[in-house]
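Asks: Kindly generate the complete structure, drawing on both the sequences and the hints.
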Amino acid sequence: MLNPSTLLIVLAVLMMVALALAIVLFFIKLVHRRRIRAIGVRRAHYIGALGELVARNALPVSSLTGWGDDPVFLEVLFDFLTIVTGDERATLERLIERLDLRAKLAEDVRGSRRLRMRLQALGYLVEIADETLEGLFLGCLGDDVVEVRLHAARGLARIGNPDSVGPILDRMEHEEHWVADRLADVLVGYGPAAVPALSQYLLLSQFDARRDAELLRDIIRVLGLIGDLSAEPALLSMVEADEQLLRIGAASALGSAGTPASVPALLQALEDPDWRVRARAADSLGVFSDPRAIEPLGIALRDRAWWVRQDAAKALANHLGGEARLIEALGDADPFARDAALHQLGLRGTVRDAYRRIEAGTGTELDQRILRAALESEAQDSAASELAG
Amino acid sequence: MADAPWILVADDAATVTLLVSRALESAGYQVTVVSDGFAAFEAGVSNDFDLALLDHMMPSMLGTEVLQRWGEAGVLFPTVVLSGVDDDELVIQLLELGAVDFIRKPFNLKELMVRVRMHLAAPRAVG
Chain A
2 MLNPSTLLIV LAVLMMVALA LAIVLFFIKL VHRRRIRAIG VRRAHYIGAL GELVARNALP
62 VSSLTGWGDD PVFLEVLFDF LTIVTGDERA TLERLIERLD LRAKLAEDVR GSRRLRMRLQ
122 ALGYLVEIAD ETLEGLFLGC LGDDVVEVRL HAARGLARIG NPDSVGPILD RMEHEEHWVA
182 DRLADVLVGY GPAAVPALSQ YLLLSQFDAR RDAELLRDII RVLGLIGDLS AEPALLSMVE
242 ADEQLLRIGA ASALGSAGTP ASVPALLQAL EDPDWRVRAR AADSLGVFSD PRAIEPLGIA
302 LRDRAWWVRQ DAAKALANHL GGEARLIEAL GDADPFARDA ALHQLGLRGT VRDAYRRIEA
362 GTGTELDQRI LRAALESEAQ DSAASELAG
Chain B
16 MADAPWILVA DDAATVTLLV SRALESAGYQ VTVVSDGFAA FEAGVSNDFD LALLDHMMPS
76 MLGTEVLQRW GEAGVLFPTV VLSGVDDDEL VIQLLELGAV DFIRKPFNLK ELMVRVRMHL
136 AAPRAVG
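Residue numbers (this note's numbering), protein chains in the order written: chain A, 2 to 390; chain B, 16 to 142.
Hints may be right or wrong, so weigh each one.
[Stated by the list, open to error] Below, a sample of chain A positions facing chain B; criterion: calculated Cβ distance under 10 Å:
| id | residue |
| --- | --- |
| 1 | Leu15 |
| 2 | Phe27 |
| 3 | Arg44 |
| 4 | Ala45 |
| 5 | Gly49 |
| 6 | Ala56 |
| 7 | Val77 |
| 8 | Val85 |
| 9 | Thr86 |
| 10 | Gly87 |
| 11 | Arg90 |
| 12 | Glu94 |
[To be verified] DSBU-like, lysine-lysine: derived pairs with alpha carbons at most 35 Å apart:
| id | chain 1 | residue 1 | chain 2 | residue 2 |
| --- | --- | --- | --- | --- |
| 13 | A | Lys105 | B | Lys120 |
| 14 | A | Lys30 | A | Lys105 |
| 15 | B | Lys125 | A | Lys105 |
If you are wondering where the hints come from, they were derived from the structure by calculation, not from laboratory data.
Backbone N, C-alpha and C define an ideal beta-carbon position, used for all residues, glycine too.
Replies: Here's what the structure looks like:
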């Protein structure tokens, strides 16, 4: 049991400690508030100054010393860069030159030990990437930090020199799949400039026993997204690959990067043992409107896989002259083929038009057939619903 | 100045509002700036602007909601959406809600000014 005087001393000490803590907290808060306010004032100053520069399309004659070292200025400058184009952007580019910001930010990337600062500087450099930064970005492709490597690849894509596609592909070989996927997305940014290197990679992979199917699938996807026809030979070489992933990707990519020369390979893919390859091939065949595809697509309406039937019907609906084959399929012995065809004819408005003509008394025998098929299908659906209910 | 067209600029980015309002004022227009969706809605229903430049991604109310509420409140001035969104479906939705134009960020200030003049010169909807 403490005596009263000791208790008083303990209480006094505790109160003094609490008071000291409160004073310290008060000052921390005060300093923080002042800092935030100062940043706000600087931010407003830079917004005003940069807004003036951009609106006048002119740089100040006075010295800009210190601006480039202020993170608040950089933040405002790069905000402006994301909202303007044309002359206004050119003015900001001249300011960047005047402040030698590329060199300064490159120094931050190379010299800073703080990851946040490096990433920030690298992010800014990606936005203003030019050929002077290519060496820096190539160096950063080998960095230990994933985000740095991804930023570096984005910078290289922004510069767009096709010679840097190879180093990114080399990097992808050593990355985990999710990183390789992200790097593949970056490659799309090169556009057609990347196609020769990517095509060559695919073609040479045929002779590489250790090839990584996931990586090749990414490259096929990129070629499809770029959609440049010069990728067609490389994609065709993948339609018959042993790995399903590659056949699926190639059948799909040929829809955007293929020409009618791809039709025979896609028709063959329409008989692939994997339904995903058949579905992609059907979808891509819808793009070319090649008469050779009509009958095979008509047969694909009876495919055992729902997706293939739907994609074949959609391809016929998009195909010049495909509607007649869909109407013919309404008399198919296979009910699945009839359903797939009827669904697309419904979406095209063919059923509605036939109904209107019949109602107006100008309907033909074909219109009667279309409407009969639609009504039979509806009756079957109702019966099925009743059974299910 | 009193007869100068009156334009509402609604955007939460100070860089955008400063740049756009400065350019509009230099061209002789009167400008009112707001920085969130709710303020944009309130300004729109209580003033008869000649044109509005509206961002989509704003605090408190998105551009789509502002347009919808303006439509319900019978606001008639033309609205140009100025946004960095890269979504065709959204652009269609904004136009269906009554926007007369869509300008994607980054934008060219000269092009923006031409579009502003064009929309101000167009006959206005009558309620």
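Asks: Now tell me if each hint is right for this structure.
Replies: Cross-check of the supplied hints:
no.	hint	verdict
1	Leu15	violated, 44 Å
2	Phe27	violated, 31 Å
3	Arg44	holds, 8 Å
4	Ala45	holds, 8 Å
5	Gly49	holds, 7 Å
6	Ala56	holds, 5 Å
7	Val77	holds, 7 Å
8	Val85	holds, 5 Å
9	Thr86	holds, 5 Å
10	Gly87	holds, 4 Å
11	Arg90	holds, 7 Å
12	Glu94	violated, 13 Å
13	Lys105/A / Lys120/B	holds, 27 Å
14	Lys30/A / Lys105/A	holds, 33 Å
15	Lys125/B / Lys105/A	holds, 32 Å
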